[in-house]
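2 protein chains.
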Amino acid sequence: MKVAALAGGVGGAKLVDGISRLNGAPEMTVIVNTGDDFSLFGLWISPDLDTVCYNLAGLENQATGWGRDQESWETFQEIQALGGPDWFQLGGKDLATHLERTRRLGAGQPLSQITADFCKAWGVQSAVIPMSDDPVPTLVETDQGILTFQEYFVKLGCEPEVKGFEFHNVEKSRPAPGVLDAIQAADLVLICPSNPWVSIDPILAVPGIRSALGSKTVLGVSPIICGEAVKGPAAKMYREMGIQPSAGAVAAHYGDLLDGFVIDDLDRDLQEDILSAWNGSLTLFHTNIWMKTRADRVAVAENIIAVGSSLVKEV
Amino acid sequence: MKVAALAGGVGGAKLVDGISRLNGAPEMTVIVNTGDDFSLFGLWISPDLDTVCYNLAGLENQATGWGRDQESWETFQEIQALGGPDWFQLGGKDLATHLERTRRLGAGQPLSQITADFCKAWGVQSAVIPMSDDPVPTLVETDQGILTFQEYFVKLGCEPEVKGFEFHNVEKSRPAPGVLDAIQAADLVLICPSNPWVSIDPILAVPGIRSALGSKTVLGVSPIICGEAVKGPAAKMYREMGIQPSAGAVAAHYGDLLDGFVIDDLDRDLQEDILSAWNGSLTLFHTNIWMKTRADRVAVAENIIAVGSSLVKEV
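Residue numbers (numbering that gives the first Met the number 0), protein chains in the order written: chain F, 0 to 314; chain L, 0 to 314.
Hints in this document: simulated from the structure, not taken from any laboratory. For clarity, every value in this text was computed on a predicted model and none was experimentally measured. Mixed in with the good hints there might be a few duds.
[Said to hold, decoys possible] For the chain L half of the interface with chain F, some residues (derived, Cβ under 8 Å), not all of them: (1) F40; (2) T74; (3) G82; (4) L274; (5) A276.
Quick reminder that beta carbons are idealized off the backbone N, C-alpha and C, glycines included.
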């Protein structure tokens, strides 16, 4: 089975890492949100892309899910000593990624090529592709005005109340080379348990990607369990957008893009409500999807791939 | 006594550090070459400026004279793992300087202001000013073509044969704020034992600086002892420019800019030759000017300031 997975940061990274470590792992291409990308200290930083790559390489900080393991902080401390901005933590190993990426972007190389080369150097087996080589910065419309994503997410700790999102210049962007091919070639397209508003929607907004999914078997995995996001501001965003956060709200968010949707066993009571509210055909699954430990990732991945296989046969 | 010192990297940094640590140290402004400045990984790097500041702050690597003490190399090693360029060593603490400088330059702040703020954070007592806030990159004309300074100096290890130098855009540059004032206010202008071709000449080429020296008492210190440069390619450059390297060649290089010139005791036999070749008035001194240890810096500084005081009284 060939899988194309749409992913944001930590949640998506954990699942695709689990899948990549399955016995008989499917051939997988991970298409990653780059709406979070931003510039700091003159460096081009791609947080979701790095989180996915570090996890797939086994290099990630296991406590946080993002950043590098056994990280060094000398540079960051010296920046603080100089009175520089310290709201975005930059570890020494992680910095190397940003420095070399910035150098290569400056030399005219596309982000997708750089990412492929980095993955090779890190020993990543799966293909990892940014959604686009064109910058598509996510802007968050809030009660404190329009904020860049990292200002909202890291600097202000998701405190401002969200009113909407803009994927700036997305209409002019193109999918990175390999994105549409990977979707076309996939038996199963997986929408990872990532934030629908700011991780998956930016990918779907790149012209050509949503329509490419139309003919595919698409399985979504809920990032919301028991009405709360496993990680990050997804549930808070739903509330501020006037929607009760739930696995069902996520399914409704993706709508007829989905052929199947996976909720956690803890949410199994929601099945009837989700299906009764649904217009069209949806195959709903419940299984354990909560990845707390590194071992959980493989177990959850096994569940998801089993569900995906049955969905592929069914559709 | 007020001193304005013109300095390049390690040699100049050692002397001004020695001066700053004298009992009853004179009020000193160090005007630093920025012709070596360059961009790497998107960062703006000012090697001579950093060397002077790190030495004055007591933060320098004492083995090399440049870079930071107790440096960390995680980032550099990770860059190597990614196949990035590793010809310019970037330590973790040093990186913070480049990152925060790049950020502030990007925000429109002038290099002189940034340098002053960094010096304050590092506890540097002397004033340190870049020769100009405008980029004036030194280009080295060689048998391998025109090279940027760091390509010549670090990447190619000064191997190419030098044919000449260009201080690119220097005619459009202006002295940084405070440079001309410091020269005007100085009782003594010190030309540090730095490379005449690529450390001092770029400073003198900034419009207004050479002419400001005309009315001042100027004391040069030879960077060449016994026909060889204490450090760096100065002697090699003299040979390739068709001039026998010697303390006398350095004095001749600066010509009537000098009121006094200091050679090492080891070169005292050259005195007669230097003076007989000299057109005009020059007060020649010999003393120990070779700074091998940190303690040597203060001893040499004491010699230089004694010589400078007598020159100021004499002129």
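Hint by hint, here is what the structure shows:
| no. | hint | verdict |
| --- | --- | --- |
| 1 | F40 | holds (4 Å) |
| 2 | T74 | holds (5 Å) |
| 3 | G82 | holds (6 Å) |
| 4 | L274 | violated (48 Å) |
| 5 | A276 | violated (48 Å) |
In summary, the structure is inconsistent with hints 4 and 5 from the numbered list given earlier, while agreeing with the others.
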